[in-house]
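One-letter residues, chain by chain:
6 protein chains.
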Amino acid sequence: MPDELTHFNAQGQAHMVDVGDKASTKRVAIACGSIRMQATTLEKILQGNHKKGDVLGIARIAGIMASKRTADLIPLCHPLALTHVDVALTPQTDPPSIDCTVTAETHGQTGVEMEALTAVQITLLTIYDMCKAVDKGMIMENIHLLHKSGGKSGNWSSIK
Amino acid sequence: MPDELTHFNAQGQAHMVDVGDKASTKRVAIACGSIRMQATTLEKILQGNHKKGDVLGIARIAGIMASKRTADLIPLCHPLALTHVDVALTPQTDPPSIDCTVTAETHGQTGVEMEALTAVQITLLTIYDMCKAVDKGMIMENIHLLHKSGGKSGNWSSIK
Amino acid sequence: MPDELTHFNAQGQAHMVDVGDKASTKRVAIACGSIRMQATTLEKILQGNHKKGDVLGIARIAGIMASKRTADLIPLCHPLALTHVDVALTPQTDPPSIDCTVTAETHGQTGVEMEALTAVQITLLTIYDMCKAVDKGMIMENIHLLHKSGGKSGNWSSIK
Amino acid sequence: MPDELTHFNAQGQAHMVDVGDKASTKRVAIACGSIRMQATTLEKILQGNHKKGDVLGIARIAGIMASKRTADLIPLCHPLALTHVDVALTPQTDPPSIDCTVTAETHGQTGVEMEALTAVQITLLTIYDMCKAVDKGMIMENIHLLHKSGGKSGNWSSIK
Amino acid sequence: MPDELTHFNAQGQAHMVDVGDKASTKRVAIACGSIRMQATTLEKILQGNHKKGDVLGIARIAGIMASKRTADLIPLCHPLALTHVDVALTPQTDPPSIDCTVTAETHGQTGVEMEALTAVQITLLTIYDMCKAVDKGMIMENIHLLHKSGGKSGNWSSIK
Amino acid sequence: MPDELTHFNAQGQAHMVDVGDKASTKRVAIACGSIRMQATTLEKILQGNHKKGDVLGIARIAGIMASKRTADLIPLCHPLALTHVDVALTPQTDPPSIDCTVTAETHGQTGVEMEALTAVQITLLTIYDMCKAVDKGMIMENIHLLHKSGGKSGNWSSIK
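Protein chains in written order, with my numbering: chain A, 1 to 160; chain B, 1 to 160; chain C, 1 to 160; chain D, 1 to 160; chain E, 1 to 160; chain F, 1 to 160.
Just so you know, these hints were derived from the structure itself, not from any lab.
One or more hints might be untrue.
The list treats identical chains as one, so a pair stands whether inside a single copy or across any two.
The calculated BS3-like cross-link candidates involving lysine-lysine, where the alpha carbons are at most 27 Å apart (straight line), are [claimed, not checked]: (1) K44 with K26; (2) K22 with K136; (3) K160 with K44; (4) K44 with K22; (5) K26 with K152; (6) K160 with K26; (7) K26 with K136; (8) K152 with K44; (9) K152 with K136; (10) K136 with K44.
Every value quoted in this text rests on a predicted model; they were computed, and no experiment measured them.
Here chain A stands alone, though its shape is the one from the complex (with noise of 0.2 Å):
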């Protein structure tokens, strides 16, 4: 890993860093994050899979749209044209909570990670709003990289 802050020049002024060198490979991450809620509200979601209001689909869809806007929203990431974004939700009982997971992909110069974990924010973000009403005290927690691969650092895992 480099020993400094590669976003900012040498005069200390934040830059898009130049990856116009960079050669162009094949490049995966994989984020995750939970949201924490009441059993009662995890009940209420859990219903809406089936025959009420769908929580996790809305969630799922607004977490990849969020994926393609990264780069307007964080302000020093290259915008960059992703292959594949797939966003798994798991319900957890205990404690009560939705673990995301999200997997996205792209052939290009720079990494996808950010791309990962802001689909992983805004998926929790929207479970977050569509149950507020009933469940203002929800926590989100937990939201890190998993895994990325390709580029010239290569792999890393959280999991060692």
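Take the given structure of chain A and dock chains B, C, D, E and F to it, following the hints.
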């Protein structure tokens, strides 16, 4: 609190809830969250406030700008005109982390909880982006609503 | 109705019409349209509502989100804060098609016809996108305003 | 053509389809549609091309700009860099209407059908917006893909 | 005028200034600027108004649309709903140039100076874009606020 | 240089020029501009770099973010993926002003002149926004392309 998820109509289909008959009142929401990191990463950020790149200043701007994009990102969120947004960032040394607290305000028919939470998320993500070259294992956590006031449901605090 | 196209000034140059002196009133617009398809495509969509991918649920979300982007897309359209959007989708078997009806509302100085029509268009386009792998020949048709109320020009209906 | 809706994974959950292994080829799509109106409305538009406001010129620009926003509007659409967009508008007198034909091109891993169709939709909507003060009953119709080429599925035409 | 830069709080940190207690009044701002070019470039533009491509018509639309995006572009700018935007373009022959004057209006708690200036900038940039194939040396200059009215600070003019 | 404005087809109608057959080459553009102000305003900005609000740091971020939005703002501009953006800000005391120079780079089929110029414009506008409470008379001037390289038309400099 209502008993049901209000973002769905009687047929269980998502809609943007009708707020046309709600009173326009002053709305305030305060949300918070943290990003945990290695001690050496925190050190680099804190140096940056003085003579190198200003990670926290850039993250603050990203959070404020994102709060204005909330209705673009969260599918069923009503568009509204924020009258005030403040992003406070506080370094913590044990464990090494940055705490983020956002205050959002408007005068209108819907609350600004989502605007405050979106600003927290994008502020933390921007810190991640700017430091990921040296620390990919940073974790965003404990993102939640602290307080809201205004509107029919009145005051709410996460601390009872 | 006026005799002239109001989006041009006396010199014939486009401008965003001055609505500053118009009264703020409740505005409602209802627009509709259809997408015609093969019978087997409709069948796949209807199965999706139950156990496979939810085409209609996703199209509904896309339509609601697009209604919030109307002023970004239509050059001379005034920005406004929608207070309610509802997208209703009804399958028809003869001919095989999906009907879309959108209700949009606000309280303001301009109407919401464009917001309702934009939601219809993007809802239908999203159905097209999700089914085009099996049916590229789908046709979007009969997209028009059904009804509007509010404002100086008062009520209008396509059915006299 | 595939037998299934490809925008869903094996669990029936929406994802952005993985196109990372598809070949980059030249992609062309041509889409069309019409807006029907009163004879006096058409007359006003045609006068505008000469000495008053230029409805068709503005609608053409709106369509081109919208084609660049396609991936922002259509949830599971891949972002791509268009290399060419052309919007042709042809007045018809019987019945009074404007025909719109859009050609979109890129060199990439996914097709540009959605970009061409989105441009048609927003071009027609902009004509509606600019003329609605004199003719709210205009109808958009017959919006469909005419032709596509490039990619694994090769050529397709609506006219066999 | 205040003595300090108001976009920073007492700690010198950027925030979106609280305008929640300001009165809603009618706000008008007029801004202007020019783009200087070769005489042959101006000639091509002026021909375009008659029989070839309409550079000025397209630039005017780009300026109006950009004014609606101001709060997306300028970090600490409050979102607001414009009620009127007019872009006037006047060719000058000595030196060869196009003058641009934009009037923006709203009724609200903050001024519309930034909206008027953003429209001027993007209008001029669009002229540059459309003519750069024949004249890369065009210069944009003298972009400033001419006049504003409304709000606590009242009237201001660049000409005393 | 070509003899005609290339953004129009043979009928004089605007289109997004076909660049599909152009070679992908490294593209660089450097653009610049200034904002003139009162001496006391410059002083406040320069103090800000040390202990108060960081006007220049925020303006730099706004410029970089705006460069990524260029194709959204300029109607006939091709979307492209920037690989590098750098915004340099230099205070001048006689007359009191801030000079802005932006370097933009990509590897692609079209140039990045518009991206560099858009970043200059929005950087200067953001300085205006942050200082307008104390100095509404600031003037943006001398905004032009300094240099470009890459593509069929090769190198170009404003200084011969």
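Right, here's what the structure says about each hint:
In this assembly of identical chains, K44 and K26 lie within 27 Å of each other by CA distance neither inside one copy nor across copies; the values are 40 Å within and 30 Å between. Taking the shortest alpha-carbon separations for K22 and K136, only the inter-copy value of 20 Å comes in at or below 27 Å, while the best intra-copy value is 45 Å. Taking the shortest alpha-carbon separations for K160 and K44, only the inter-copy value of 24 Å comes in at or below 27 Å, while the best intra-copy value is 37 Å. In this assembly of identical chains, the alpha carbons of K44 and K22 lie at most 27 Å apart only when taken from different copies (25 Å versus 48 Å within one copy).
Taking the shortest Cα distances, K26 and K152 sit within 27 Å of each other both inside one copy (11 Å) and across copies (21 Å). Taking identical chains as interchangeable, the C-alpha atoms of K160 and K26 lie at most 27 Å apart only when both belong to the same chain, with a minimum of 22 Å there against 39 Å between chains. For a Cα distance limit of 27 Å, the shortest separation of K26 from K136 across copies, 19 Å, qualifies, whereas the shortest one inside one copy, 40 Å, does not. Only between protomers do K152 and K44 lie at most 27 Å apart by alpha-carbon distance; the minimum there is 23 Å, versus 45 Å within a single protomer.
When the C-alpha separation of K152 and K136 is checked against a cutoff of 27 Å, the pair qualifies only between copies, where the shortest distance is 15 Å, while the shortest distance within a copy is 43 Å. For the identical chains of this complex, K136 and K44 are intra-copy neighbours only, at 14 Å inside a copy versus 35 Å across copies, given an alpha-carbon limit of 27 Å.
Hint compliance for this structure: hint 1 alone is broken.
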